[in-house]
Amino acid sequence: MENKVVLGYWAIRGLAQPIRFFLEYIELPYEDKRYTDPQEWFGKDDQTFNSQFTNLPYLKDGDHTVFESDAIYYYLAHKVNKPELLGKDAKQQTMVATIRGVVGDFRATFFQWVYGSKETAEAKKEAMLQETGEFFRVFNTTLERSTWLTGDTITYVDFLVWEYVDEFLVLAPEVITSKPKLVEFHNRISEFPQIKKYLENPNYIKRPFNWDLQAVFY
Amino acid sequence: MGDKVVLGYWAIRGLAQPLRFYLEYLGLPYEEKRYYKPEEWFADVTSAPLNQHVLVNLPYIKDGDELVFESQALYVYLAYRANKPELLGQNPKEQVTLASVRGVLQDLFKSLITLFTIPEDQFEAKKDNFFNQEVLWIAEKLSKFLENQKWAVGDNLTYIDFQLFEAEEILRNYKPEVFTTLVGLKKHNENFANLPAIKAYQVSDKMIARPFYPPGMYRWG
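Chains A and F, in that order, are what the protein sequence lines are. In terms of UniProt numbering, the numbers along the first sequence are unbroken and rise by one, the last being 218. In terms of UniProt numbering, the numbers along the second sequence are unbroken and rise by one, the last being 221.
Source of the hints: derived by calculation from the structure; they are not laboratory data. Take these hints with a grain of salt, some might be off.
Unchecked claim - Label-pair distances were calculated between CB atoms; the ranges are: (1) Gly62/A to Gln90/F: 35 to 45 Å; (2) Arg145/A to Asn156/F: 31 to 41 Å; (3) Pro215/F to Lys125/A: 47 to 57 Å; (4) Gln90/F to Lys91/A: 19 to 29 Å.
Predicted model, so just to flag it, every value in this text is computed and none were measured. Ideal placement from N, C-alpha and C gives every residue a C-beta, glycine not left out.
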């Protein structure tokens with residue numbers, strides 16, 4: 001009897017990678033459905049859902065499907081009865097929303113460059129690294145003041161930031177290696193037994209981070 | 001006791017308008033620090049207590065010694081502060097739906113900003129096409145979703161309804177005719193505007209009707 005949840009997304013890291021990490025962390029069995037061909041999704045699978053919000057990524061659980069990446073973490077945390085991963089009290093829930101907001105601002109800056117003009121990418125790279133470096137500085141300082149980004153226990157937003165730390169360790173390592181708390185944070189999550197095992201799994205996607213056809217860095 | 005919380009933001013609607021409605025709805029005593037010029041904000045940001053914080057930005061809530069940043073976090077903070085956590089979603093189903101609507105709504109706001117920051121010399125030529133191709137389809141998704149329910153998560157009001165209303169007000173003011181087809185958004189818009197606290201605030205002298213966006217920087221506002 002197949003009762004695994006199904007995570008559907010493109011065959012890249014993108015928005016789904018922290019969700020994959022989250023699924024591995026909570027040790028919930030799942031099918032990692034990867035759309036390598038847009039025609040498998042558009043006009044085909046995307047027609048099978050009865051929702052106004054049909055999109056990738058999705059999380060299908062039997063008859064029920066959740067859309068929007070952020071909502072997927074909420075669904076999964078409640079499914080495995082670990083709501084503390086969303087923030088265990090008012091203070092931490094506020095901090096989760098704060099970090100999530102900062103991640104959103106980071107994404108806006110970073111992806112404007114990633115999916116921007118290929119011709120000007122090299123010229124604009126330094127300015128982009130300055131701006132994104134500011135965000136990483138904020139995360140680093142936050143980690144000097146608390147064990148995890150939102151307090152003394154881990155929440156799903158830690159996985160969101162891990163993904164961008166990991167990406168920058170490839171794109172511009174000095175942005176990360178100059179911030180010791182970020183390096184330690186990256187190692188700390190990598191060393192969780194279930195995450196360590198996942199990182200060594202041949203199914204683990206190392207690259208591309210982004211859409212390789214359109215991105216200036218992937 | 002009863003210290004007022006302070007909402008700090010530019011003297012425009014922007015990200016703070018739903019928060020103003022929210023504070024009125026919550027019935028929390030509050031004050032606003034409205035910044036009319038960048039120099040005023042720069043002065044505050046470079047002195048205590050703001051200069052001791054890492055994530056400083058607008059809008060913010062100052063609550064005694066407590067400072068909270070990032071607009072989405074302010075809704076969480078204020079719900080608990082007013083002892084009305086039901087506005088965050090009363091059960092997992094409502095919380096998940098809230099997060100889904102929030103994701104789609106954020107795409108709508110992003111699209112609207114892209115529309116209104118089309119370079120000045122191209123705006124007239126490109127605006128209608130862009131609206132129809134990049135804004136309308138997201139608004140349609142939300143409208144159809146809302147057709148068969150009163151509020152974003154169903155029967156209960158949550159903080160995302162406040163943000164939805166602001167998106168509706170932008171659409172209604174920019175292109176009033178869209179409400180003929182976006183009946184779900186129209187219905188939600190009317191229901192929200194009729195909430196007693198909202199109705200009273202909209203006719204009060206605290207209400208900022210316009211601009212939605214910083215004047216001079218956006219093609220419309």
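Quick rundown of the hints versus the structure:
no.: 1; hint: Gly62/A to Gln90/F: 35 to 45 Å; result: violated, 23 Å
no.: 2; hint: Arg145/A to Asn156/F: 31 to 41 Å; result: holds, 36 Å
no.: 3; hint: Pro215/F to Lys125/A: 47 to 57 Å; result: violated, 33 Å
no.: 4; hint: Gln90/F to Lys91/A: 19 to 29 Å; result: holds, 20 Å
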